[in-house]
Amino acid sequence: MMCPQEYLPLELWGTHCCCPLLAIAILATVLTGSGVRLSTPSTHTHAQHTYTRTAHIHTHSTHTHAQHTYTRTAHIHTDPVCVVVCVYCVLCVLLCLCFVCVGISPFLYRRGSNVSLTLDMCPLGCGEAGASSPGEQDARQYLESASRLLTPHELHQRAINTAALHAEFLEIPMNFTDPKEFDIPGFGLKNRYKTILPNPHSRVQLITESEDPLSSYINANYIRGYGGEERVYIATQGPTVSTVCDFWRLVWQERCSIVVMITNLEEKNEKCTVYWPARQGLYGGVEVTVTQELCEEDYSLRLLTLRAGGEERCMRHYWYTSWPDQKTPDNARPLLQLVQEVEAARQQARGAATASHSPLIVHCSAGIGRTGCFIATSICYMELRNAAVVDILRTACQLRLDRGGMIQTVEQYQFVHHALSLCERRLAERAEE
1 MMCPQEYLPL ELWGTHCCCP LLAIAILATV LTGSGVRLST PSTHTHAQHT YTRTAHIHTH
61 STHTHAQHTY TRTAHIHTDP VCVVVCVYCV LCVLLCLCFV CVGISPFLYR RGSNVSLTLD
121 MCPLGCGEAG ASSPGEQDAR QYLESASRLL TPHELHQRAI NTAALHAEFL EIPMNFTDPK
181 EFDIPGFGLK NRYKTILPNP HSRVQLITES EDPLSSYINA NYIRGYGGEE RVYIATQGPT
241 VSTVCDFWRL VWQERCSIVV MITNLEEKNE KCTVYWPARQ GLYGGVEVTV TQELCEEDYS
301 LRLLTLRAGG EERCMRHYWY TSWPDQKTPD NARPLLQLVQ EVEAARQQAR GAATASHSPL
361 IVHCSAGIGR TGCFIATSIC YMELRNAAVV DILRTACQLR LDRGGMIQTV EQYQFVHHAL
421 SLCERRLAER AEE
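Sequential numbering of the sequence shown, starting at 1, is according to UniProt numbering.
Any given hint could turn out to be false.
Between beta-carbon pairs, the in silico distance windows are [unchecked claim]: (1) 207 x 230: 17 to 23 Å; (2) 242 x 280: 17 to 23 Å; (3) 160 x 189: 41 to 47 Å; (4) 214 x 431: 39 to 45 Å.
Treat the hints as calculated values from the structure; they're not laboratory data. These numbers were taken from a predicted model, which means no experiment stands behind them. C-beta: ideal position from N, C-alpha, C; glycine also.
Based on the provided sequences and hints, a complete structural model is requested.
Right under this line is the structure:
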């Protein structure tokens, strides 16, 4: 079992870091020496000497001897400019040290921390291209092997053990992607958050006739489902104004019949742009028509018709709106209801030959937090229903292997356990009926 810890960035002691630090330190020393030398000229106008007389009395049998000692103290008055220069140099060295310690520390070594979607990060494996660090190897080994199979009773006990869940979550490597792994000029313009990138091995690539590699890029990953089945889901970011057409290209290319959206359009800041029409719209080469809209208490359902190249398809768009910003839902029942309804619709779609291998698209804003919770709950729901046991830890690790950062916070990890604990009780009640 791996322990949560902060790793000392070894790059701090590398040549590329030590040389700048040493140069600054030498410069500071030279400037400091120059400042002192400039502030103590050869004339005696700036040096004052103080003589202190100290008497030492020695008493003998017949005579008393008094010895006087003179101590010379020199008071050197330095130029205020010199002091400022010295302080400035010291601050420069300290600031450089701070930048090195903070900037180089690999983000993936900080297990389980809440992801800041607006800050730069250097993920695990930021070394040379093609190189695999020991930390990266350990992280992958953990994600591939970690497991904790829970019986119904153990699941209920685990769901209320906050400390144990917190410790377990911190053990799971985030597995974010290094931007250096992408050799696509301008690909950053298509990312809603510059730190949340699709893992290359499972990245969805759009088919294009253009020679421009950017036209094939979309921030989306294929996600394995229950039993390790390949390409059951696609996890992606909430479309931006500049990627709406790419999103509909994705839907059409992958023959997706279901899209699940788990975010509001705005939550303090924009989380997702409106990518569907009020009635009818054309997005690239895909015509989208809203044929029906149904509203439930916690989510809405739109039935859409898609047309492209003389072909027509149907699609269901679920929009879950009861997930509060920066929090988890107080009640897991609405999400469980949505999970079960979507799974029933997916199984129905799989019965059609044209949609037998169509992935289910799930997105929130970044495509890792709420998206990860929904997919994990869906997978574990099927596991509980089919095997009467559940391995949430293994599911979370499988998700992060496919897309880094899935199930973003410890609160979300706890929520998944609470939702599945409730799910198991409902399944048990149905079995007794």
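The hints, checked one at a time:
For the hinted restraint 17 to 23 Å between residue 207 and residue 230, the CB-CB distance of approximately 19 Å keeps it satisfied. At roughly 22 Å, the beta carbons of residue 242 and residue 280 sit within the given window of 17 to 23 Å. The beta-carbon spacing between residue 160 and residue 189, approximately 45 Å, falls within the hinted interval of 41 to 47 Å. At roughly 52 Å, the beta carbons of residue 214 and residue 431 sit outside the given window of 39 to 45 Å.
Hint compliance for this structure: hint 4 is the single one not met.
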